[in-house]
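Chemist: Listed below are the residues making up each chain.
2 protein chains.
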Amino acid sequence: MSALERIAYADGDTALTGWLARPSGPARAAVAVFPTFMNTTPGVEAKARALAAAGCAALIGDFYGPAAPHDMASAFAAMTALRADPRAMRVRLRATLEALEGLAPGVPVIAIGFCLGGMAVLELARDGADFALAASFHGLLATPLPAAAPIKPRLLVCHGDADSLVPRADVTAFWEEMDAVGADWHFLSFARVEHGFTNPLDAMGEPNPAYDATADRQSWAALMGLIDEVAPAR
Amino acid sequence: MSALERIAYADGDTALTGWLARPSGPARAAVAVFPTFMNTTPGVEAKARALAAAGCAALIGDFYGPAAPHDMASAFAAMTALRADPRAMRVRLRATLEALEGLAPGVPVIAIGFCLGGMAVLELARDGADFALAASFHGLLATPLPAAAPIKPRLLVCHGDADSLVPRADVTAFWEEMDAVGADWHFLSFARVEHGFTNPLDAMGEPNPAYDATADRQSWAALMGLIDEVAPAR
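Just so you know, the protein sequences line up as chains X and Y, in that order.
Under this note's numbering, the residues of the first sequence are numbered 4 to 237, in order.
Under this note's numbering, the residues of the second sequence are numbered 4 to 237, in order.
Hints were generated in silico from the structure; no laboratory data involved.
Because the structure is a prediction, the values reported are computed rather than measured.
Glycine included, every Cβ here is placed at the ideal spot set by N, Cα and C.
Errors might be hidden in some of the hints.
[Unchecked claim] Some chain X residues close to chain Y (C-beta under 10 Å, calculated; not the full set):
id, residue
1, R9
2, R90
3, D182
4, A194
5, R195
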């Protein structure tokens, strides 16, 4: 397993650090991987490596910069600060897309994310960002800035129906928001599955009781199926 | 492409005719394939052959027996008669499961269906039938006899969000019905996709405007992913 490559980029004056997994051959797609509110973790790095194994260049984005959190409390505070200004947050997220496009030019661009990262890819879509596919895994579906213009990427939302952070009212409101702008979405919901179902380990590196092997496997397969559509293997 | 094998079976005094697609080697699973209200069609036969190619014995069930319809009007009348007695309908459906189990014993049993057939596999699950996986493709989700006992199969529901026969209220009611009995469901919904999205041809053999290649492909992949879980390839 090769080490991830450290990538320095920036959002204005804020230095950011991304982690890049490269495929063994030419990339079929460039994938921005937005982590959880803990920023990058071994679980997210495993997903980036899986994308590289599938022929994609995968860049794990940095939400926070030098003030990156070291524990759950500081991560929660950092996330709260980031979300407090939704427009600034979108600028921060776009910096990762731009860095990615410089690293793997000329191939379809995809953004995926987990928890806060799932919300992030939907925020990019709502912001009008031009890319091929956005995939959210246990992401928050509500937004302070509902989509007002056409959504460019196709959307895949993989959701644990028992996610305490995303009640069913948020699900139907999301459908209505997306339909109002004609978005092309696939929604995959898993009964009795909770927030964070893709992570075998929790934010502290302990076994995650919300991990669900089936939901993890089937949601990842759904992503691979759509990557095959927007960026066919060469 | 080998011919399907004609299988004679019965529901009490009603003679039924199934069509069996066999895999080239030993079957990994036995799959009952419930067709649309038109009974078997070339589109459904293609799905049975795809299951055989994936290592499953696939038996297309017969809803109607000797009174099988020859046009849409008579098919609609036959479906209406079948659905008029929900308990008798369930007995009819169980006859196909039983015939299948005799043809391919000792392997996990799966039931899939399209339109009326999608409703059929959910009705079998609601009736307490003991099998491994039920998969509905653009099936009706409402029922005259809501589930009252635990659901034995895992459930995969593949749904076109724009299906005029299945409003969103039916979707959320289905989730509530299934959760009340602790069912293990995966729900896959496709934006702007209409009823009958898996069929390239309509009931009259003409191109089907509701056909959606992406929804067809991704819903089938979801089925294959779950078959891999309940009946791993040997």
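Chemist: Which hints from the list above does the structure break, by number from lowest to highest?
Modeler: Failing hints, ascending: 1, 2.
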